[in-house]
Amino acid sequence: MRAVERKTFTVFSYVFCFLLILLCLIPLIWMIVSSFKLDREVWAYPFRFFPNKWLPNNYQTLFTSKRVDYVQALLNTAFVAVIHVTLKLAIETMSAYAYARLEFRFKTLMWRVTLFTMFIPNIAILLTSFVTVKQLGMLDTFWVLIIPSLAGAYGIFFYRQFFLNIPLSMEEAALVDGASRFRIYWNVFLPNAKAPMVLLGTGSFIGVWNSFIWPSLTITSPTKYQVMQVIRSFRNMYSEAFGVVMAASAIGAIPPLIVFLIFQRYIIKGMLISGIK
Amino acid sequence: MVVNSSVDKRRRTPTSRMDHITAYAMIIPSLALLGVFVLYPLYTSITKSLTDWNFYNSMYVGLKNYTVALRNPTFHRAFQNILLYILFSVPIGVVLPFLFAHCVKRLQGMYGAAIKTALYIPSIISGVISSVIFLFILDYQGGLINNLLRSLGMTRVNFMAQPTSAMLSIVFTGFWGGFGYSTLYQLAGLNNIPDSYYEAAMLDGAGAFKRMIYVTIPCMKNIFLLCLVNGIGGTLMMMELPLLMTNGGPNNATITPVMYIYKMFSDSAVSMGYMLACSIIMMVFSSAFTCIVFFLIKPDKSLE
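If you read the protein sequences in the order shown, they are chains F and L. For the first sequence, our numbering gives the first residue as -14, with consecutive numbering after it. For the second sequence, our numbering gives the first residue as 36, with consecutive numbering after it.
Just chain F, with the same shape it has in the complex (with noise of 0.2 Å):
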């Protein structure tokens, strides 16, 4: 009786795994499925889920577009992206090692400091930061997306709580053969906090690249435009055309998806242990 009770329930949990998968996945689906109608076919009713020929036109119509340059808006984004990513990681493991492993005078104050930023919401100082940037002649630049997003506190407590739990002995050793401190956090501690660094670099390339509000506030010229203004910008211009929308968004979701396939090991395992603690 028992067993039989057990085997209806894996079956009913196979098949609703399923459905969780496509409850995921049909969004998805459905935007690459659309991508290839024509116009006509989207309006259609009787409406059919797959096209009846799988046509590129939309994707012709999204790259040879004179009003926006799709390709040149992926390269700035894949550029902002990578540099805001090296930024970020070095700034904060580098300040992490030394809260976690050096003494010097007002630690305490700073790491305090550091820490309450981290309760300060976004829109409290939006408008502000925007002045901020205005001032110190960023906006409109590239930079306004690569370095205000670096001041951030929460990678650094992340890495922090990594490093204090490297034991000792292995500094110890490097300090004995005369090694410098930031010899050490390069030869020792980087190579040993891989895992973090993937989980948190990966985070930040995906949030760089799905980027909206700030971008939309900052950037005005289109040559410089983030990927995400010109779906946003190609959904107003082609309403109707939701075919052509659907193809820009198709190849946006692209990179953070095969960031995510490459680094999933890490970042899945990563996930269900900070979730542990």
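Check each hint, because a few of them may be wrong.
25 Å max Cα-Cα, derived DSS-like pairs, lysine-lysine [claimed, not checked]:
1) 245(L) to 151(L)
2) 245(L) to 256(L)
3) -8(F) to 298(L)
4) 209(F) to 51(F)
5) 151(L) to 254(F)
6) 209(F) to 151(L)
7) 119(F) to 179(F)
8) 179(F) to 254(F)
9) 140(L) to 151(L)
10) 254(F) to 256(L)
11) 256(L) to 140(L)
12) 298(L) to 119(F)
13) 151(L) to 179(F)
14) 99(L) to 256(L)
15) 99(L) to -8(F)
16) 140(L) to 254(F)
17) 298(L) to 140(L)
18) 140(L) to -8(F)
If you are wondering where the hints come from, they were derived from the structure by calculation, not from laboratory data. Quick caveat, the model's predicted, so the values are computed rather than measured.
Since the structure of chain F is already known, use the hints to place chain L on it.
Frame of chain F; chain L shown alone:
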């Protein structure tokens, strides 16, 4: 030196002068960034919210901006809406992933790995893209849902035109973007409960339902609390989806406080001082929430 290191293993041997310089060099970038892009803007936000600042000149007006903001009907409406959003989205966002996690838990191997990947994918899709997709799916003319309704012989629904359906559409889009992540999160919690607890409960003759009530739910308390806190905190600051899907309409039925503030950006008639007062009110709200949460969690942590 030996004594020192034995007293506190974490603190390294006395740092030399060179090390001091290294330490400051390592910390200054992050501290300078926080100062310029967080603390200085925060200071300006607070001081300028007491003036009628319009970028060029500012005159001190005391708490006038705050009293005006607290009496503004649209701002009130936005707060009512955010309560509704929380009511609609947070309970579902905790309970359904809990049930889903139970089903996913049993799956092993390839199928299990595939479903974990699939569950994670919606959370890496940006708000812009998911809003565009769901606007299309819910479209009156060529949308998937309305086409299905039509095939079944039912009347079509103009989702974005009615207050309730517009809000529910936004909630559903948000749910789609987040439920997979919460499911994985709760799955981590479930996997963390030792099997011996269940075995002991079974020995005592507890059925599936009793095991759920007396073993699973108490063990998951912290995870639930965290999901709840993240859910409420996130919803409180919600802006992108309603902005992109309904732009606050119909008739301000989906406007949120953060979006109300954001929209003043492009409204030259509003004094920036007023806008800042509104954002400081939001900050006070969210920190009050954070404080309450910390107060609630603390006693629990000390018990462990």
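message = Can you confirm whether the C-alpha distance between residue 298(L) and residue 140(L) stays at or below 25 Å?
response = Since the Cα atoms of residue 298(L) and residue 140(L) sit roughly 44 Å apart, the hinted pair is violated (cutoff 25 Å).
Checklist entry - If you draw a straight line from the CA of residue 179(F) to the CA of residue 254(F), is it 25 Å or shorter? => result holds, 13 Å
Exercise. Below or equal to 25 Å on CA atoms is what counts here, so check residue 209(F) against residue 151(L).
Key: Cα-Cα ~36 Å, so violated.
Given pair status - residue 151(L), residue 245(L), alpha carbons within 25 Å: violated, 28 Å
ask   = Within 25 Å, alpha carbon to alpha carbon, are residue 209(F) and residue 51(F)?
value = holds, 15 Å
Quiz prompt | Restraint status (C-alpha distance of residue 140(L) to residue 254(F) at most 25 Å) | solution = Roughly 15 Å separates the two Cα atoms, so the pair holds.
Exercise. Would the pair residue 119(F) and residue 179(F) pass a check requiring their Cα atoms to be no farther apart than 25 Å?
Worked result: Not OK: residue 119(F) and residue 179(F) at ~36 Å, beyond 25 Å, violated.
Could you grab the alpha-carbon distance between residue 140(L) and residue -8(F) and see if it respects the 25 Å cut-off? This hinted pair holds, its Cα atoms lying about 15 Å apart.
Hint consistency between residue 140(L) and residue 151(L) [alpha-carbon to alpha-carbon, up to 25 Å]:
Answer holds: residue 140(L) to residue 151(L) is near 10 Å, not above 25 Å.
Is the Cα-Cα distance between residue 298(L) and residue 119(F) 25 Å or less?
holds, 19 Å
Take the C-alpha atoms of residue 151(L) and residue 254(F), compute the straight-line distance between them, and say whether it is at most 25 Å.
-> This hinted pair holds, its Cα atoms lying about 11 Å apart.
(Q) Holds or violated: residue 99(L) and residue -8(F), Cα atoms, limit 25 Å. (A) violated, 67 Å
Checked against the numbered hints given earlier, the structure breaks hints 1, 3, 6, 7, 14, 15 and 17 and satisfies all the rest.
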